[in-house]
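Undergrad: Given next are the chains, with one letter for each unit.
Number of protein chains: 2
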Amino acid sequence: MGKGVTYPFGFYASGIHCGIKENGKEDLSLIYSISPCVSAGMFTTNQFKSYSVIWSIKNIKNEIRAVLINSGNANACNGKKNYLLTQKLMEELGTKLKIEKNSILFASTGIIGVDLPYEKIKNAFDKLIKNLSPENNYLAAKGIMTTDTFPKECEINTEIKGRKKEVFIGGMAKGAGMINPSLATMLCFITTDAVIDREALEFALKESVEESFNMITVDNDMSTNDTVICLANGLARNKTIHIDSSDFENFLNSLKELCTKLAKMIAFDGEGASKFIEVEVKGGWCKKDVRRVAKKVAGSSLVKTAIAGENPNWGRILAAVGSTNARIDMKNIEIKICGVEVFRGTEPLRHNEEKLKNLLKNKEIKIEIDLKRGNFSATAWGCDLTEEYVKINKEY
Amino acid sequence: MGKGVTYPFGFYASGIHCGIKENGKEDLSLIYSISPCVSAGMFTTNQFKSYSVIWSIKNIKNEIRAVLINSGNANACNGKKNYLLTQKLMEELGTKLKIEKNSILFASTGIIGVDLPYEKIKNAFDKLIKNLSPENNYLAAKGIMTTDTFPKECEINTEIKGRKKEVFIGGMAKGAGMINPSLATMLCFITTDAVIDREALEFALKESVEESFNMITVDNDMSTNDTVICLANGLARNKTIHIDSSDFENFLNSLKELCTKLAKMIAFDGEGASKFIEVEVKGGWCKKDVRRVAKKVAGSSLVKTAIAGENPNWGRILAAVGSTNARIDMKNIEIKICGVEVFRGTEPLRHNEEKLKNLLKNKEIKIEIDLKRGNFSATAWGCDLTEEYVKINKEY
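Top to bottom, those sequences are chains A and B.
Here numbering that gives the first Met the number 0 is used: the first residue of the first sequence is 0, the next is one more, and so on.
Here numbering that gives the first Met the number 0 is used: the first residue of the second sequence is 0, the next is one more, and so on.
Derived from the structure by calculation, the hints contain no laboratory data.
Any given hint could be a false lead.
In this list, chains with the same sequence are indistinguishable; a pair is considered to hold if it fits within one copy or across any two.
What the hints assert, rightly or not - The list that follows gives simulated cross-link-like pairs (lysine-lysine, PhoX-like), each with its CA atoms no further than 25 Å apart: (1) Lys24 / Lys126; (2) Lys119 / Lys95; (3) Lys281 / Lys263; (4) Lys20 / Lys121.
Owing to the predicted nature of the structure, the values given are computational and were not obtained by experimental measurement.
Work out the full structure, taking the sequences as your base and the hints as a guide.
TA: This is the structure:
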């Protein structure tokens, strides 16, 4: 089992049931660092932001010591008094942890429009703090789940020159429902013991999110609660990583890799999904074009249902590509499904249909598109669309 | 039963089975005018256009006499030789009808990437022409259906000053699958006996489509085949309608009304739909804002599944509104579901939940949103998202 957010030095985690979820499962998690952290965050662009998000945006530039996360209640669109409750809750937790309330971040996921279960959360603080441990990362990862079917954790090492040979990065995430075009919440918490300045951390996080979590959502639809936070407590004692230092690229690549792994876990765990879909687009005129096409195809309901039906309907793929305004060589496009070339130039290609139908029975489906207009490429991830998705969301 | 496209003077229609659909249903339709028509068309913006669309775009400005429509085959992404077949087919039909091939428009809907069934269509021309009649509008409306569960027809009268008191407008349409965010095809054919110049007809059609068909699709995703065509044969002998003549507004309003009725029929007949959803947005800063919000809410998978589950989940409505960049008064928004106010200002409102749950059992669900920022309003239409939709699209 992985170590997730407690993989880097000096991070503890805890996850308990405080009474929000009716099924008795973990619904309250805490990440705690033994020393202050430089932090970076990316938050939902939705105009209606959860009060938890509003709190975190306000405090992200402080020296951070802890992150509280509850699941089962979104703390969004529930009236102004809940912002006061949020502040009070942070104050209570600060007192218990003997740290400033402004050094705590907060994230929530769950039902919108319901009062924050202030008493339930507050009364659970003693137990939550008592359970803080480098071993409880798995329980913390469970405490942030909603309709996820498995906790998502990951960790990675990065080589750093100079005195220290390595720094550690760990993370946990929760999924985004059907991912697209839904508004279900995506949360991700990343920890590292690297010494890194704020500018470098912010840049690295933005770049990494762009190529990972943003490639599993379409049209930048965001929930009221989407949050990605990265904490760096500096305990690795490496030479400070600046945006122009030679170690920065290593750190950035590791962070990207970690985020991509978590993003793929989210796609794999899409609500009701039976298959994982990877869409690789190359030959693009610019980065924007290939990203747009990859996300459009991975997010197309018609492509998603065709994959669910193990139906090699490349016409729907082509229609999704064409519905974007990406630059395409209309006379020279290439499409492969599961490695089998089905379209080239302006013509469908003869292929072994039996073989392709068999390949579509796999759990992981790859779609490759070559736009033949340039050298940019991008990959998006998604899942198929099944009857089960509809069933889950009728009731949730 | 209505008269649809044969309602105005001088239009004949026909619909037969030529052998494309395996179930023996009508799959080939023809609209014919006894005198030449001024015509206007709006076609898909998809970069991969059906060869039928390419043909029609090329000929729309000619004097039009007929429109051929087949269902079951999209004539799209099937290789260049199919454009030659398309031209040959138009020539054959022209010869049979004793009109120029360039006076015929063509539309197709069905499976992408399959050769145009040239022989089947050509061999059916004699029967198709023999059946032309002012009575066969219903068969023509059936011949353009794919997964539609009922033919969609409509007609309307417009008052015109001067010698003639009225002109007639008729239309038929086929639906757009799940409507959003799918790429299934929407076709609409409108006929009128009005005397109207091209500029006025083009403007009226564009305006009407904007407020009707474009309010049932989201993100302007379009299929390879989407087509709206309006033919005006001038047999009403009214004084020519120009864009600045006093009759223009009457004509425009009637065309809008006709298009809106057809658009609502399409929304009502969304694949697998059990409920019709109307989203009315008012108080907008500008037209673009209200249109965007209305379409976003009507197109949200989470709103659609909630409605399918008869679940008054206004949080999903609010999240969909917030995910747009429309100007909103965040402290003063109002939401009603089925006439029951559920959110005002920044607070959820206490309401009779039992009553609302009962209202949600209805087949027609209305959502009202007041953005409180201005005087613009717009309405969008959609349907709920059910397990049945997924089932249809896994197999189709």
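Undergrad: The structure should be examined with respect to each hint, and the outcome stated for every one.
TA: To see whether the hints hold, each was checked on the structure:
no.	hint	verdict
1	Lys24 / Lys126	within (15 Å within a copy, 68 Å between copies)
2	Lys119 / Lys95	within (15 Å within a copy, 80 Å between copies)
3	Lys281 / Lys263	within (19 Å within a copy, 40 Å between copies)
4	Lys20 / Lys121	within (15 Å within a copy, 64 Å between copies)
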